[in-house]
Amino acid sequence: MNDRIVLDNVSRFYGEVLGVNRVTLSVPPGITSLVGPNGSGKTTLMNLITGLVRPTRGSIQVLGISPTDPEKLFRVCGYATQFDSFPRGMTGFEFISSYLRLSGMSHDDCQRTTAFAIGRVNLGEAAHRKIAGYSKGMRQRIKLAQAIAHDPRVLVLDEPLNGLDPLVRAETIALFREFAAEGRHVIVSSHILHEVDTISDQVILLSNGYVVAEGKIHGVREEMREHPMQVIIRCTRANLLASRVFEQDHVVEVRLHADGGGLLVKTRDADRFYKALNHLALDGVGIESVAPADDNVNSLYEYLIGGEESTR
Amino acid sequence: MTGQWFSQIGLVIRLEMRKTFFSRRGLWVYLLALAPVLIFLGHSLSEISNRKERQEMNAAHPVSTEALRSIQRGASLEEVIEKVGEPFNKVEFHRPNINIDVYQYTDGESVFQFQFQDSHLRAINEQDRDTIPKDSLIFAGVFQFFYLRLAIFFGCVGVFTNLFRGEMLDKSLHFYLLTPIRREILAIGKYLAGLIATVTIFCTSTFLQLAALSLHFTGSEVSDYLAGGGWGHVASYLGVTAAACLGYGSIFLAAGLLFKNPIIPAATVLVWEGMNMFLPAALKKVSVIFYLQSLSPVVAPPDAKMPVLEKLLVTAAEPVPAAWAVLGLLTLTILVLAIAARKARKLEINYSTD
Numbered sequence: 000m001n002d003r004i005v006l007d008n009v010s011r012f013y014g015e016v017l018g019v020n021r022v023t024l025s026v027p028p029g030i031t032s033l034v035g036p037n038g039s040g041k042t043t044l045m046n047l048i049t050g051l052v053r054p055t056r057g058s059i060q061v062l063g064i065s066p067t068d069p070e071k072l073f074r075v076c077g078y079a080t081q082f083d084s085f086p087r088g089m090t091g092f093e094f095i096s097s098y099l100r101l102s103g104m105s106h107d108d109c110q111r112t113t114a115f116a117i118g119r120v121n122l123g124e125a126a127h128r129k130i131a132g133y134s135k136g137m138r139q140r141i142k143l144a145q146a147i148a149h150d151p152r153v154l155v156l157d158e159p160l161n162g163l164d165p166l167v168r169a170e171t172i173a174l175f176r177e178f179a180a181e182g183r184h185v186i187v188s189s190h191i192l193h194e195v196d197t198i199s200d201q202v203i204l205l206s207n208g209y210v211v212a213e214g215k216i217h218g219v220r221e222e223m224r225e226h227p228m229q230v231i232i233r234c235t236r237a238n239l240l241a242s243r244v245f246e247q248d249h250v251v252e253v254r255l256h257a258d259g260g261g262l263l264v265k266t267r268d269a270d271r272f273y274k275a276l277n278h279l280a281l282d283g284v285g286i287e288s289v290a291p292a293d294d295n296v297n298s299l300y301e302y303l304i305g306g307e308e309s310t311r
Numbered sequence: 000m001t002g003q004w005f006s007q008i009g010l011v012i013r014l015e016m017r018k019t020f021f022s023r024r025g026l027w028v029y030l031l032a033l034a035p036v037l038i039f040l041g042h043s044l045s046e047i048s049n050r051k052e053r054q055e056m057n058a059a060h061p062v063s064t065e066a067l068r069s070i071q072r073g074a075s076l077e078e079v080i081e082k083v084g085e086p087f088n089k090v091e092f093h094r095p096n097i098n099i100d101v102y103q104y105t106d107g108e109s110v111f112q113f114q115f116q117d118s119h120l121r122a123i124n125e126q127d128r129d130t131i132p133k134d135s136l137i138f139a140g141v142f143q144f145f146y147l148r149l150a151i152f153f154g155c156v157g158v159f160t161n162l163f164r165g166e167m168l169d170k171s172l173h174f175y176l177l178t179p180i181r182r183e184i185l186a187i188g189k190y191l192a193g194l195i196a197t198v199t200i201f202c203t204s205t206f207l208q209l210a211a212l213s214l215h216f217t218g219s220e221v222s223d224y225l226a227g228g229g230w231g232h233v234a235s236y237l238g239v240t241a242a243a244c245l246g247y248g249s250i251f252l253a254a255g256l257l258f259k260n261p262i263i264p265a266a267t268v269l270v271w272e273g274m275n276m277f278l279p280a281a282l283k284k285v286s287v288i289f290y291l292q293s294l295s296p297v298v299a300p301p302d303a304k305m306p307v308l309e310k311l312l313v314t315a316a317e318p319v320p321a322a323w324a325v326l327g328l329l330t331l332t333i334l335v336l337a338i339a340a341r342k343a344r345k346l347e348i349n350y351s352t353d
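Heads up: the protein sequence lines correspond to chains A and B, in order. Residue 72 in numbering that gives the first Met the number 0 sits at position 73 of the first sequence; the count goes up by one each step and never skips. Residue 344 in numbering that gives the first Met the number 0 sits at position 345 of the second sequence; the count goes up by one each step and never skips.
Hint data in this document are derived by calculation from the structure and do not stem from the laboratory. Be careful, since some hints might not be right.
As the list claims (entries may be wrong) - Straight-line alpha carbon distances no greater than 30 angstroms define the calculated BS3-like cross-link-like pairs of lysine-lysine that follow:
id, chain 1, residue 1, chain 2, residue 2
1, B, Lys259, B, Lys284
2, B, Lys342, B, Lys259
3, A, Lys265, A, Lys215
4, B, Lys133, B, Lys283
5, B, Lys284, B, Lys342
6, B, Lys284, A, Lys129
7, B, Lys170, B, Lys345
8, B, Lys51, B, Lys82
9, B, Lys170, B, Lys259
10, B, Lys89, B, Lys133
11, B, Lys283, B, Lys170
12, B, Lys283, A, Lys135
13, A, Lys71, B, Lys170
14, B, Lys283, B, Lys259
15, B, Lys51, B, Lys133
16, A, Lys71, B, Lys89
17, A, Lys71, B, Lys259
18, B, Lys345, A, Lys71
Claimed, not checked - Take a look, some chain A residues computed to stay more than 12 angstroms from chain B by CB distance:
id, residue
19, Arg53
20, His127
21, His149
22, Asp196
23, Phe272
Note that CB positions come from ideal geometry on N, CA and C, so glycine has one too.
Based on the provided sequences and hints, a complete structural model is requested.
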């Protein structure tokens, strides 16, 4: 269990206000996205994992280390917070090198590692400028550089894609993937659901301080039996396919596309549906494409938390 | 591990030093420290100017100290003029049936005022020039009642409460809390940074105050004073200044960690330290000022204008020997720092409510 982040019945209250309540999680390595509306407890959960706040109840272990022991925790963990403020008067280079020096690195190693970390987030040219003069995107990147500089096994990133332009965003996502591919933890909170969808190995959906779902997106979606799976099929003989599909007892609804070139199917058993579709295809229906319509974070969010923020 | 802690403390000190020495927020600490230097400098410059004036008067109306001191009350105006000549200044008052004449003489150092009533000497007033023993009492008073109790006190409030609370307000404290550093080590590093800054600022000021005060004495007077225990006084004052920063620093570091608004604990400590003289002997020892006064080389003269009733309330606690005073102050400091370190260990980042 030492490669996991484990939260056992963790609650955190700010006076009368609930931060998170009764959270029990065992997070495996890979990219884990925390998803939820504002005030759902994402940042509190990240602060709890990194020891910036203490649980009112319950216990937390990060790779077997208690967050109450920062001396050990921050040797394996890097955290890019949402706080957009920095020690006064520092340049980007000083910000990272001070951090590494405090981590116990020698002066020479520190210079080299700082330059490497800053290079990884493409801030080389601005490294010796004061952070106070950085743009929002540059500040995001310097925070990311700080979090990754000491090569941590656990990377916790609070809204790391905010303020980044599309190119940098893609590079940053590639960096997360690289970390995850090496068997490390990358815990990301984000409001941008389509990006969460593409980068996450697993998601944790939070609402009002409670974990409402967790696991791999497909797995979570399959467990939500009250919401039939939606599948979009583009085909040549849509009317025929619609009638054949509707004969299946697990299919609850079929809608023909307006152009007559496809249909939307709602089924309670996706596996059986895909098997049946194979047989139908053999019967002469020309199927061009089949794609799940709601097997994504956006749909999970909409079904579990509500639609008001799902488009963000 | 211990080696790494020392290295981390060194790094925290280095990072903090720039903030404590050069922050715009701390400018008033420098002004507070320099205020007594300016007061003593002003005093010395005025004394130098007065002496020059007296010497000029003496050159115009030469008279010796011995001749002036030989004049006795009851002498007639003519006898006085015969002995010491014409004064450099003469003032006359006329009231019904009474004529008062005031004659001023100077030997170049002191001013003698002879007050005649109906041409007979009724009173002699000798205004001595400042001497080092006299000025050292003035310095002791300013040092103990203004410098220790107010300047260093509020300077330490400004520097030490900001070490944590200031970063909470700037929302930048998380920089340290995301590093693999024990929070207790962070607290110690920040405390030492504050201590270095305040000791540098206030000890420099103490030294400059003494230098400013000695400016109006002659070189030989100053040399004699320094040779006769003066260096010991200077060292003691510098030591007491550093000890004040040590003690008050620990209290205000803890206040910055324990309270969201450190002004309230600062005011409470100010009142506690201020009423120290009225406290029972045992309670006196739970204060910084008691040990600082025990360490001060010159006892400040009591306030002559203090009402009798107030004097009755003052309890005299025997000043403790220097070694005990240092030990007492260190014990107090370590106790308060232990509380601060304990609080730092449980420190949370919650900028929205701070």
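The hints, checked one at a time:
no. : hint                   : in the structure
1   : B:Lys259 with B:Lys284 : holds (28 angstroms)
2   : B:Lys342 with B:Lys259 : holds (13 angstroms)
3   : A:Lys265 with A:Lys215 : holds (21 angstroms)
4   : B:Lys133 with B:Lys283 : holds (29 angstroms)
5   : B:Lys284 with B:Lys342 : holds (24 angstroms)
6   : B:Lys284 with A:Lys129 : violated (48 angstroms)
7   : B:Lys170 with B:Lys345 : holds (18 angstroms)
8   : B:Lys51 with B:Lys82   : holds (25 angstroms)
9   : B:Lys170 with B:Lys259 : holds (14 angstroms)
10  : B:Lys89 with B:Lys133  : holds (29 angstroms)
11  : B:Lys283 with B:Lys170 : violated (39 angstroms)
12  : B:Lys283 with A:Lys135 : violated (55 angstroms)
13  : A:Lys71 with B:Lys170  : holds (24 angstroms)
14  : B:Lys283 with B:Lys259 : holds (28 angstroms)
15  : B:Lys51 with B:Lys133  : holds (20 angstroms)
16  : A:Lys71 with B:Lys89   : violated (85 angstroms)
17  : A:Lys71 with B:Lys259  : holds (29 angstroms)
18  : B:Lys345 with A:Lys71  : holds (16 angstroms)
19  : Arg53                  : violated (6 angstroms)
20  : His127                 : holds (17 angstroms)
21  : His149                 : violated (8 angstroms)
22  : Asp196                 : holds (29 angstroms)
23  : Phe272                 : holds (48 angstroms)
Checked against the numbered hints above, the structure violates hints 6, 11, 12, 16, 19 and 21; every other hint is satisfied.
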